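Residues per chain are reported as follows:
2 protein chains.
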Amino acid sequence: MDKNEEKQREEEREQVVSPWEVSSSGKIDYDKLIDKFGCQRLDQSLVDRVQRLTGRPPHVFLRRGVFFAHRDLNDILDAYEKGEKFYLYTGRGPSSEALHLGHLVPFMFTKYLQDAFKVPLVIQLTDDEKCMWKNLSVEESQRLARENAKDIIACGFDVTKTFIFSDFDYVGGAFYKNMVKVAKCVTYNKVVGIFGFTGEDHIGKVSFPPVQAVPSFPSSFPHLFSGKDHLRCLIPCAIDQDPYFRMTRDVAPRIGYHKPALIESSFFPALQGETGKMSASDPNSAIYVTDSAKAIKNKINKYAFSGGQESVELHRKLGANLEVDIPVKYLSFFLEDDAELEHIKKEYGAGGMLTGEVKQRLAQVLTELVERHQVARAAVTDEMVDAFMAVRPLPNMFD
Amino acid sequence: MDKNEEKQREEEREQVVSPWEVSSSGKIDYDKLIDKFGCQRLDQSLVDRVQRLTGRPPHVFLRRGVFFAHRDLNDILDAYEKGEKFYLYTGRGPSSEALHLGHLVPFMFTKYLQDAFKVPLVIQLTDDEKCMWKNLSVEESQRLARENAKDIIACGFDVTKTFIFSDFDYVGGAFYKNMVKVAKCVTYNKVVGIFGFTGEDHIGKVSFPPVQAVPSFPSSFPHLFSGKDHLRCLIPCAIDQDPYFRMTRDVAPRIGYHKPALIESSFFPALQGETGKMSASDPNSAIYVTDSAKAIKNKINKYAFSGGQESVELHRKLGANLEVDIPVKYLSFFLEDDAELEHIKKEYGAGGMLTGEVKQRLAQVLTELVERHQVARAAVTDEMVDAFMAVRPLPNMFD
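Line by line, the protein sequences are chains X and E.
Position one of the first sequence corresponds to residue 1 (full-length UniProt numbering), numbered consecutively onward.
Position one of the second sequence corresponds to residue 1 (full-length UniProt numbering), numbered consecutively onward.
Bear in mind the hints are in silico, worked out from the structure with no lab data behind them.
Among these hints, one or two may not hold up.
Heads up, the list lumps identical chains together, so a pair's fine if it works in one copy or across two of them.
[Stated by the list, open to error] No farther apart than 25 Å at their CA atoms in a straight line, the calculated lysine to any residue pairs in the SDA-like style are these:
id	residue 1	residue 2
1	329	295
2	190	201
3	346	321
4	228	138
5	27	273
6	134	172
7	32	21
8	228	23
9	228	140
10	134	254
11	150	172
12	150	38
Remember, it's a predicted structure, so these values are computed and weren't measured experimentally.
Generate coordinates for the entire structure from the input sequences, incorporating the hints supplied.
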């Protein structure tokens, strides 16, 4: 092994992105991830195309590159342009009661896609996965799935176009048949290569990838897509889920379906800085949708990693390092006003604004977002959850 | 490796018994199998106990040692004696249209157990397994499952005590939850040790053992056994299925259930002789339930391996070798009259009866059995199949 190889291996060790682990010794190198996973960069021409086709401004997450990678998005848009609709598929592993802001990102974006393209959406709650990986009981996983469904519904999805399901409730029938069809096409060696399972992992883990794969196929939802086996599927998700869908795309044509298209986001960083996803075990690493205004303010002031200089004098002279500054990063996710964001970046980067001022603005923005979510979630009744999760046709899903 | 070790390995290579392969260079050594699998021999005192508890003569398959091994049968009988009922679970992998006599053995015996103990029965048709192992389409596996269900129903099961299900129809809900619970408790290394899977096997195979495991747990059938989580389960099956239930018994107490008890049969031999199970790919190795009287007679005369001597003179002098004689072996399965069987064995073994005479009697016995089955099967309507396979309570299942 020569020096270059050694260096490359070292770098690979430093950056781990899988559905169960995102870690990096420095900032995640997303360019490297695109190369490694073999997906495509979502460039400006695609953003422009989405704007043109939907007749509305692209979502903040799209125009600011939060969703930065894709697979076959062009094909989906080609078909859409010719009048061929598609459906959206996203999901969540219900491992905790309270969602943090990072959890909201794919749902906020999916809500925009649903509204902009006027298409149906299926949302998978992988309570079986969390039961197996997190050693939760079946009952607790199911309870968390329902609790999380309330937060998801609070994002504003259209009940006439949206089917939310938990695996423990829904696996069976056509869905199970597709699981078997997928499982037949994937060797154990293959899943070891994709997911890194070991012989001491339980077989539940080995059995799970087909469960996350098959919502990509319309026939898994006969109450929605009966007779529409060639309906295309677009999956908005964080890029750590890419391994599941690489596997799915590999299998799809062999069992008679389109490969699902993907639109993939970077990770929402921890308050402490951009070295991976937030840690569920450290409540101070994230803003939760259940946090109070006071808690939000405290967390931001105390934990949000600042790119500002050590003294006011130095800061006025050198300005903030925006590359590592978490308040600016968070604002770029959630401050909708492009002009104000540019103003803050310019002033803060030049030393005209201090960290405290930026943090104060961020606290305002996040408090507003979180309080809006809390009001919406409080209005979600059990009956509404039942309505979203009912196995039913959606006659107006393409209107 | 010394000579003894070499010899032992050689012997182990010669006898392979797994759910997918039964082969042996000579007769299967069932004593060795009992030792290897770690089950118990079903001795005369247990047969007597079954007779005493059920108040009826033990089935031919029991009193002649076709069912020769067990696990925890004593526990089931202890509980039964105290008034605690149990349920029966057996199954079939629907890989072919026509069943042969060997396929009928567990069902004929299960029917006897159901009648004698007056207990409910669940019958699993593993269409998912056959779809994965035999590379059948989902649709073809399901069609075969329904066709096989007709043959099973023709064995005379009581519809008020019997639930037949196909995995493709029934997997889901409580059944799937138990699959996940089992899968969590079994490592990949463990299933490799039990079933011999390799890295090039597809993950459908790795995922399947929990599917065959969970009918052992009453909570997999909430429409039958709701609130009866501690109901015991007795599984009549051929001994090649033992690996599935070793795994199941290992897991059961860890997820709060009784270990299922087992009553296990030897294999019904091929016409060509006792070196394993019959080959589905060679129609002349077995009598099928669809065979005509003429076909039965021809197959027996042409293919049934005889222990008789080469010439009539030699035969009269030495008698038949009953140890290897297939007609006598088949009669010991299906000729109910103990006295007549003893008479034939004595006369044939002493040279008083010729192979032709024994074969003629066997043809009579099997023709009667097969024709009775054909009449019964012709009377099985689609409505009856639907009735047996309906997910429904069985209010009188213990009467």
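Tested hints:
Only within a single protomer do residue 329 and residue 295 lie at most 25 Å apart by alpha-carbon distance; the minimum there is 19 Å, versus 81 Å between protomers. When the C-alpha separation of residue 190 and residue 201 is checked against a cutoff of 25 Å, the pair qualifies both within a copy, at 15 Å, and between copies, at 10 Å. For the homomeric pair residue 346 and residue 321, the shortest alpha-carbon distance inside one copy (11 Å) is at most 25 Å, but the shortest distance between copies (101 Å) is not. Taking CA atoms no more than 25 Å apart as the test, residue 228 paired with residue 138 passes between copies only; the shortest distance there is 19 Å, against 33 Å inside one copy.
Taking the closest pair of Cα atoms, residue 27 and residue 273 come within 25 Å of each other only inside a single copy of the chain (8 Å); across copies the shortest separation is 70 Å, beyond that limit. Taking the shortest Cα distances, residue 134 and residue 172 sit within 25 Å of each other both inside one copy (23 Å) and across copies (21 Å). In this assembly of identical chains, residue 32 and residue 21 lie within 25 Å of each other by CA distance solely inside one copy; the values are 17 Å within and 48 Å between copies. Taking the shortest alpha-carbon separations for residue 228 and residue 23, neither the intra-copy value of 40 Å nor the inter-copy value of 47 Å comes in at or below 25 Å.
Within a single copy, residue 228 and residue 140 get their C-alpha atoms only as close as 35 Å, which misses the 25 Å cut-off; across copies the closest is 22 Å, which meets it. With identical chains, the CA atoms of residue 134 and residue 254 are at most 25 Å apart between copies only, with a shortest distance of 17 Å across copies and 33 Å within one. In this assembly of identical chains, the alpha carbons of residue 150 and residue 172 lie at most 25 Å apart whether taken from the same copy (24 Å) or from different copies (24 Å). Taking identical chains as interchangeable, the C-alpha atoms of residue 150 and residue 38 are never at most 25 Å apart, the minima being 35 Å within one chain and 51 Å between chains.
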